[in-house]
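Protein chains in written order, with this note's numbering: chain H, 425 to 685; chain Z, 56 to 336; chain B, 172 to 477.
No lab work stands behind these hints, which were simulated from the structure alone.
Misleading hints may appear alongside valid ones.
[What the hints assert, rightly or not] Across the chosen pairs, the derived CB separations fall in these ranges:
no.: 1; chain 1: B; residue 1: Arg472; chain 2: Z; residue 2: Ile133; range: 54 to 60 angstroms
no.: 2; chain 1: Z; residue 1: Val97; chain 2: B; residue 2: Arg378; range: 33 to 39 angstroms
no.: 3; chain 1: Z; residue 1: Trp243; chain 2: H; residue 2: Pro653; range: 47 to 53 angstroms
no.: 4; chain 1: H; residue 1: Asp452; chain 2: B; residue 2: Leu180; range: 41 to 47 angstroms
no.: 5; chain 1: B; residue 1: Arg306; chain 2: Z; residue 2: Asn179; range: 34 to 40 angstroms
no.: 6; chain 1: B; residue 1: Leu374; chain 2: H; residue 2: Thr613; range: 47 to 53 angstroms
no.: 7; chain 1: B; residue 1: Phe344; chain 2: Z; residue 2: Arg232; range: 53 to 59 angstroms
no.: 8; chain 1: H; residue 1: Glu500; chain 2: B; residue 2: Ala175; range: 34 to 40 angstroms
no.: 9; chain 1: Z; residue 1: Asn179; chain 2: B; residue 2: Ala188; range: 18 to 24 angstroms
no.: 10; chain 1: B; residue 1: Arg472; chain 2: H; residue 2: Glu500; range: 55 to 61 angstroms
no.: 11; chain 1: B; residue 1: Thr379; chain 2: Z; residue 2: Leu159; range: 50 to 56 angstroms
no.: 12; chain 1: B; residue 1: Val185; chain 2: Z; residue 2: Ile133; range: 43 to 49 angstroms
[To be verified] Examples of chain Z residues toward chain B, derived with CB under 8 angstroms:
no.: 13; residue: Leu270
no.: 14; residue: Ile271
no.: 15; residue: Phe278
no.: 16; residue: Ala309
Here a beta-carbon is modelled for each residue, glycine too, at the ideal position from N, C-alpha and C.
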Amino acid sequence: MSEQTVIEARNLDLTFQTNDGSVQALRDVNLTISKGEFVSFIGPSGCGKTTFLRVVAALENPTGGSIVVNGMSPEEARKQRAYGYVFQAAGLYPWRTIAGNIQLPLEIMGFSRAERKARAEQVLDLVDLKGFGGKYPWQLSGGMQQRASIARALSFDADILLMDEPFGALDEIVRDHLNEQLLALWARTNKTIGFVTHSIPEAVYLSTKIVVMSPRPGRITDIIESPLPRERPLEIRETQEFLNIAHRVREGLRAGHEPDV
Amino acid sequence: MSLVALALAIWAAGWAMNVRLATGAHAETAAVRLAVPLIFGVTVVLVWECVVRGLQVPLVILPTPSMIAARFATSLPILWADFVQTFVKGALSGYAIGCGAALLAAVAVDRSDFLRRGLLPVGNFIAALPIVGTAPILVMWFGFDWHSKAAVVVVMVFFPMLINAVAGLRETTAMQRDLMRTYAAGYWQGFFKLRLPAAMPFIFNGLKISTTLALIGAIVAEFFGSPTVGMGFRISTSVGQLALDMVWAEILVAALAGSLFYGAVALIERGVTFWHPSQRK
Amino acid sequence: MRRAAVPVLVVLGVLVAFWYAVAVPMNIKGVLTEAQRAGVVVVPESGADRRAASAWRLVTMNLSVVPDTWAQARPRLPAPHQVAIELWETTAQKKVTSKRSLVYHGWVTLSATLLGFAMGTGLGILLAIGIVHNRVMDMSVMPWAIVSQTIPIIALAPMIIVVLYSIGIQGVFPKAVISAYLSFFPVVVGMVKGLRSPDAMQLDLLRTYNASQAQGFWKLRLPASMPYLFASLKVGIAASLVGAIVGELPTGAVSGLGARLLAGSYYGQTVQIWSALFAAAILAACLVGILGVLERIVLRRMGGRT
Chain H
425 MSEQTVIEAR
435 NLDLTFQTND
445 GSVQALRDVN
455 LTISKGEFVS
465 FIGPSGCGKT
475 TFLRVVAALE
485 NPTGGSIVVN
495 GMSPEEARKQ
505 RAYGYVFQAA
515 GLYPWRTIAG
525 NIQLPLEIMG
535 FSRAERKARA
545 EQVLDLVDLK
555 GFGGKYPWQL
565 SGGMQQRASI
575 ARALSFDADI
585 LLMDEPFGAL
595 DEIVRDHLNE
605 QLLALWARTN
615 KTIGFVTHSI
625 PEAVYLSTKI
635 VVMSPRPGRI
645 TDIIESPLPR
655 ERPLEIRETQ
665 EFLNIAHRVR
675 EGLRAGHEPD
685 V
Chain Z
56 MSLVALALAI
66 WAAGWAMNVR
76 LATGAHAETA
86 AVRLAVPLIF
96 GVTVVLVWEC
106 VVRGLQVPLV
116 ILPTPSMIAA
126 RFATSLPILW
136 ADFVQTFVKG
146 ALSGYAIGCG
156 AALLAAVAVD
166 RSDFLRRGLL
176 PVGNFIAALP
186 IVGTAPILVM
196 WFGFDWHSKA
206 AVVVVMVFFP
216 MLINAVAGLR
226 ETTAMQRDLM
236 RTYAAGYWQG
246 FFKLRLPAAM
256 PFIFNGLKIS
266 TTLALIGAIV
276 AEFFGSPTVG
286 MGFRISTSVG
296 QLALDMVWAE
306 ILVAALAGSL
316 FYGAVALIER
326 GVTFWHPSQR
336 K
Chain B
172 MRRAAVPVLV
182 VLGVLVAFWY
192 AVAVPMNIKG
202 VLTEAQRAGV
212 VVVPESGADR
222 RAASAWRLVT
232 MNLSVVPDTW
242 AQARPRLPAP
252 HQVAIELWET
262 TAQKKVTSKR
272 SLVYHGWVTL
282 SATLLGFAMG
292 TGLGILLAIG
302 IVHNRVMDMS
312 VMPWAIVSQT
322 IPIIALAPMI
332 IVVLYSIGIQ
342 GVFPKAVISA
352 YLSFFPVVVG
362 MVKGLRSPDA
372 MQLDLLRTYN
382 ASQAQGFWKL
392 RLPASMPYLF
402 ASLKVGIAAS
412 LVGAIVGELP
422 TGAVSGLGAR
432 LLAGSYYGQT
442 VQIWSALFAA
452 AILAACLVGI
462 LGVLERIVLR
472 RMGGRT
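Generate the whole structure from the sequences, applying the supplied hints.
Next comes the structure, spelled out in structure tokens:
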């Protein structure tokens, strides 16, 4: 492939030891993600989609197989601050202003004061929160908080953005709006995005590649390269092409389901 | 007897006024919220005055508020000297040393999971014990002057402060810690940027509990021996001389010192933990 | 449980070891003086030199007397086993009625504590119910109850003893009064918080049933307040015990743990002070422990999650 590979997983296994025995969270996961791709991970609870993202982020250690991020181990990539991570909850510090929260990673990484300020302004603009930098998180709505947490992940300009159900706690209307914004942001910054979701329309709407996963053990059942154009208005969700992809995702989910569930 | 009747009348009037205020249209305003307890307090003091005068209760049982006020006004130099001895020298220095030591200990304990699991139950246990009982021992070790009082205060505030601070430093979610990991933050970065600010509400809780403990420790320690100055000393000797107006004046000083001390810490808390749900307006 | 036991035992072990270690320099000067009197050669020989020297230096120069620092009759800091032996001798090996039995002194203090605690909690709960159901009381009294938490009301203790004595009341009751008012305020504040803990939705639900205020109290507010009540009862009983002990100080009482502390400090009987202190600690721990068990039983009966 001519494109640059950013994340490459080969035969990845991860088994958790719990009190009730071992749980295989990931089994034999093979996946290649290239630069600039928007990859969604979809599947029911316990399918390992979040775990995979955490392995990429070196928050979990695989028990087998190999994974390479930016040509190095995830641990090394983490130490080089190669990615920004967005959690399901915004997790902003209530004792810092929005701008202060966005500057937090920059402070830890040792950016100068002027640089921090400039970058905070810039990313606030990117997520449409210009003018809210001086507010405290608890003075903003849930959707705005989540946008601020995305801005925080963008602030140090890592190439990879890992998002773990970032919009899962928000209502449908806010979610649509944020999806649209996320696509615009992705188009402008050309980052590689890994995105975990429960929602089929969200996955299809956002992604260039959809990874369908299933539980017990967590594994990949289908990888769908989306034929949709990069430019996507919300209305694209009513086209036949969109519905076809959504159908294939649904089929993939069903195939992976065990009968007893 | 007429004074007792007057007391009843004052009580009825004060209560009626509060009923009107509390059930009236402006019951939720800040002014009324302040006025109602104040009226209640003034009523109690007036009733106290009238009843004691009316029934001619002897001084050795209960002095009138006016006598206490008069004694307070004429004994200001003595009360001030006692205040400095007990509060400033004994309680405050012990408070600073005890809370500071507990905070440092909490930081040390926090680094080790083993230590935390071992020390927390022990600390919780000790915090529930009657630690003022160490006063005679510490008086024996450190002498009669304020050093022994400060030592009692250190021992009294140390464990409540320690358990609060240790609990506070744990008060971060897995998500917040993971976020710090994704930034590849070092231990001290995570400590100063995340865990210490998150612990502040707990630390201030400990600091507030400790204000009262500090005063109790400093006063009770003086019951076991003190120089001829100090609030505890004055209370115990005045009780012996049946000078109850002086005792009450000293208790007034203790009450003022205690609530102002607490109020000051609470005010600082407001400034530091303005973001906490309990402090937001 | 086992996971917790090992670290706790290690910490306790370290504390005891630390205690023994500290006892050496604390007691060394006294031990050297006694040893010299008994004809043993100690370094340095002059008492003035010894007073000037640091305790640790004396220890390193006189290693042979180190065991004696744990066996003095009136040490500055008795060793743990001395306290343990004293505790054992004054509890198990003395008749309970003896004036030297710690069980006797403990009972004197405990009876005042329990009587006062019962009075304090009873009144506290009643006042809390009044505050929750009466707006005027709430607005008038509650701020004072909260302020009272910040002031050292224990300073009133000596006066109460003397005043009650002067009107002819003595014995267990004056101490119980101190215990009562020390446990009173924490219970009021905690109980008010607990009775108010049901949220608006739960209260609205009862309103849809057209429940009376009394039904609301028995079926919702009272059960909901139990965790808060027990939390403040634990604070209250500890405060009651402190109140009873402090109540024994000013009159020169001859019985009770506080009296033991005071007598010990008059006569320099450190072992006696420490054993009284530990007896008080054990008593406090037992009382809080009993409340903890009661709490668990009550909350389990109510379907709690503990």
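Right, here's what the structure says about each hint:
1. B/Arg472 <-> Z/Ile133: 54 to 60 angstroms: Between B/Arg472 and Z/Ile133, where Cβ atoms are some 56 angstroms apart, the hint holds.
2. Z/Val97 <-> B/Arg378: 33 to 39 angstroms: Holds: the Cβ-Cβ distance is about 37 angstroms, inside 33 to 39 angstroms.
3. Z/Trp243 <-> H/Pro653: 47 to 53 angstroms: Hint holds: Cβ distance 48 angstroms, inside 47 to 53 angstroms.
4. H/Asp452 <-> B/Leu180: 41 to 47 angstroms: Holds, at about 46 angstroms.
5. B/Arg306 <-> Z/Asn179: 34 to 40 angstroms: 38 angstroms, holds
6. B/Leu374 <-> H/Thr613: 47 to 53 angstroms: 51 angstroms, holds
7. B/Phe344 <-> Z/Arg232: 53 to 59 angstroms: 55 angstroms, holds
8. H/Glu500 <-> B/Ala175: 34 to 40 angstroms: Cβ of H/Glu500 to Cβ of B/Ala175: about 38 angstroms, so the range 34 to 40 angstroms holds.
9. Z/Asn179 <-> B/Ala188: 18 to 24 angstroms: 22 angstroms, holds
10. B/Arg472 <-> H/Glu500: 55 to 61 angstroms: 56 angstroms, holds
11. B/Thr379 <-> Z/Leu159: 50 to 56 angstroms: Taking Cβ atoms as reference, B/Thr379 and Z/Leu159 lie about 55 angstroms apart, which means the hint holds.
12. B/Val185 <-> Z/Ile133: 43 to 49 angstroms: 46 angstroms, holds
13. Leu270: Z/Leu270 check passes; min Cβ-Cβ to chain B is 4 angstroms, inside 8 angstroms.
14. Ile271: It holds, given that the least Cβ distance between Z/Ile271 and chain B is near 5 angstroms, below 8 angstroms.
15. Phe278: OK, holds: Z/Phe278 within 8 angstroms of chain B, min 5 angstroms.
16. Ala309: 5 angstroms, holds
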